[in-house]
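Colleague: Spelled out from the first residue to the last, the chains are:
Number of protein chains: 2
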Amino acid sequence: MISRVHIMLGSPEMDKLRLDLRPGDKVVGVDKGALMLLDEGVSVDLAIGDFDSVSEAEYEKITREAREYRRFEAEKDDTDAELAIEWAEKRYKPDKLFVYNWSGGRMDHLLNLLFLVHQPRFEDIIQKIEFKHSQNNVTFYKAGSYHLDRQKNMKYLAFVGMTALKGLSTTGVKYPVDRLDTAYPVTLISNEFTQEYSRFSFSEGVLAVIQSSG
Amino acid sequence: MISRVHIMLGSPEMDKLRLDLRPGDKVVGVDKGALMLLDEGVSVDLAIGDFDSVSEAEYEKITREAREYRRFEAEKDDTDAELAIEWAEKRYKPDKLFVYNWSGGRMDHLLNLLFLVHQPRFEDIIQKIEFKHSQNNVTFYKAGSYHLDRQKNMKYLAFVGMTALKGLSTTGVKYPVDRLDTAYPVTLISNEFTQEYSRFSFSEGVLAVIQSSG
Numbered sequence: 001m002i003s004r005v006h007i008m009l010g011s012p013e014m015d016k017l018r019l020d021l022r023p024g025d026k027v028v029g030v031d032k033g034a035l036m037l038l039d040e041g042v043s044v045d046l047a048i049g050d051f052d053s054v055s056e057a058e059y060e061k062i063t064r065e066a067r068e069y070r071r072f073e074a075e076k077d078d079t080d081a082e083l084a085i086e087w088a089e090k091r092y093k094p095d096k097l098f099v100y101n102w103s104g105g106r107m108d109h110l111l112n113l114l115f116l117v118h119q120p121r122f123e124d125i126i127q128k129i130e131f132k133h134s135q136n137n138v139t140f141y142k143a144g145s146y147h148l149d150r151q152k153n154m155k156y157l158a159f160v161g162m163t164a165l166k167g168l169s170t171t172g173v174k175y176p177v178d179r180l181d182t183a184y185p186v187t188l189i190s191n192e193f194t195q196e197y198s199r200f201s202f203s204e205g206v207l208a209v210i211q212s213s214g
Numbered sequence: 001m002i003s004r005v006h007i008m009l010g011s012p013e014m015d016k017l018r019l020d021l022r023p024g025d026k027v028v029g030v031d032k033g034a035l036m037l038l039d040e041g042v043s044v045d046l047a048i049g050d051f052d053s054v055s056e057a058e059y060e061k062i063t064r065e066a067r068e069y070r071r072f073e074a075e076k077d078d079t080d081a082e083l084a085i086e087w088a089e090k091r092y093k094p095d096k097l098f099v100y101n102w103s104g105g106r107m108d109h110l111l112n113l114l115f116l117v118h119q120p121r122f123e124d125i126i127q128k129i130e131f132k133h134s135q136n137n138v139t140f141y142k143a144g145s146y147h148l149d150r151q152k153n154m155k156y157l158a159f160v161g162m163t164a165l166k167g168l169s170t171t172g173v174k175y176p177v178d179r180l181d182t183a184y185p186v187t188l189i190s191n192e193f194t195q196e197y198s199r200f201s202f203s204e205g206v207l208a209v210i211q212s213s214g
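Sequences listed follow chains A and B, in order. If you read the first sequence in the working numbering, its first letter stands for residue 1, the second for the next number, and so on. If you read the second sequence in the working numbering, its first letter stands for residue 1, the second for the next number, and so on.
Bound-form chain A, shown alone:
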């Protein structure tokens, strides 16, 4: 069975997307994200962050109701999201790390999250990470060959180089490319599936794949 961790960040506005929880899944709440989960009646396995976005009473509730909690200094080198992803990986060694509530707030936080793929310490886990949102779903790939399923409710597909890429080929899409080399991060956006899946491959670089509902 695939082991999965769901990480709810504490962005100002909660996306309407619901966690698709299965038995055995772990749930991590980050800062205000922990509170949002508890308020929704979701059990929190680990609450983590500096908790400077919640009141003292809210923090009490989190420590009382979460199975485990870790509080860090506000003036740390890492963001709450970086700490949460590192801890989730260390604690649960999951096959998949779903991250929610990652967009819609501060742009520096958003870029910090998307640019995790550049940090050597996350290199081994970037393919596990999936940023989920009702309108946008983002996954990351290192060089290799892949099968990608079309997600329901999603209309557009984008292949976004987070780095220069070598030998990118895509099939099953409206605008395929064949052994494309790029000298810088290129955004191949507004593509669409022509069947229920796409196959793609590349030999160098880091690729983001984004499915969007339009």
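Hints listed in this document are in silico derivations from the structure and should not be mistaken for laboratory results. These figures come from a predicted structure and were not determined experimentally. You may find that some hints are simply not true.
Since the list can't tell identical chains apart, any single copy or any two copies may satisfy a pair.
[To be verified] Capping the alpha-carbon separation at 16 Å, the derived lysine to aspartate or glutamate pairs in EDC-like fashion look like this:
1) Lys-174 - Asp-77
2) Lys-76 - Asp-50
3) Lys-76 - Glu-192
4) Lys-174 - Glu-75
5) Lys-93 - Asp-25
6) Lys-174 - Asp-149
7) Lys-174 - Glu-196
8) Lys-26 - Asp-95
9) Lys-93 - Asp-124
10) Lys-96 - Glu-86
11) Lys-26 - Glu-68
12) Lys-166 - Asp-178
13) Lys-142 - Glu-130
14) Lys-76 - Asp-52
Use these hints to put chain B onto chain A, whose structure you have.
Modeller: Frame of chain A, contents of chain B only:
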């Protein structure tokens, strides 16, 4: 006098930020963005896009009321935003290019915009571009030394490497750095001004500076 162009993109939700128009400024409306401007009573100098997000009647209104319009095929290689920025530059040769309504919708469009800095054809103009939003303001810099004013209503400051950077030094901020070299795009986020301006410099790479209201 500084010549300025305001580009309103056609993102699904209009940010509450109002254009700060001065006499002589030019206004470019992109696709549905042109309609939003006209509906707000703003004169549109140039309407541009494939206009596949507006109805036939709305398109008629745009062609009737905009001073000039350019319609492109929907299946072009460039995004509407790329075309708008290229045309605005070619047509008006402005000192500043303000872009509005660039976030909050599709993540592939957002990355396409932020990654314009990597495209050789935009290399000469990236320092003119400013992505404006009530919560997030983004500007870009090539190697050099700069004075950066604190913007009112903004609380946080981030220095985000869009590439590896060499010799980044920052002053006037809570967490300064001194001749920092990075091997990959590093996001130095959640910084704050300690005075009314910051000075920063670096010798290689492309840097994004983000001011956020929190």
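Colleague: Each hint: holds or not?
Modeller: Now the hints, each set against the structure:
no.	hint	in the structure
1	Lys-174 - Asp-77	between (43 Å within a copy, 13 Å between copies)
2	Lys-76 - Asp-50	within (9 Å within a copy, 47 Å between copies)
3	Lys-76 - Glu-192	between (42 Å within a copy, 14 Å between copies)
4	Lys-174 - Glu-75	between (47 Å within a copy, 10 Å between copies)
5	Lys-93 - Asp-25	within (12 Å within a copy, 55 Å between copies)
6	Lys-174 - Asp-149	within (15 Å within a copy, 45 Å between copies)
7	Lys-174 - Glu-196	within (12 Å within a copy, 50 Å between copies)
8	Lys-26 - Asp-95	within (12 Å within a copy, 52 Å between copies)
9	Lys-93 - Asp-124	within (12 Å within a copy, 46 Å between copies)
10	Lys-96 - Glu-86	within (13 Å within a copy, 41 Å between copies)
11	Lys-26 - Glu-68	within (12 Å within a copy, 56 Å between copies)
12	Lys-166 - Asp-178	within (11 Å within a copy, 35 Å between copies)
13	Lys-142 - Glu-130	within (14 Å within a copy, 32 Å between copies)
14	Lys-76 - Asp-52	within (12 Å within a copy, 47 Å between copies)
Hint compliance for this structure: no hint is broken.
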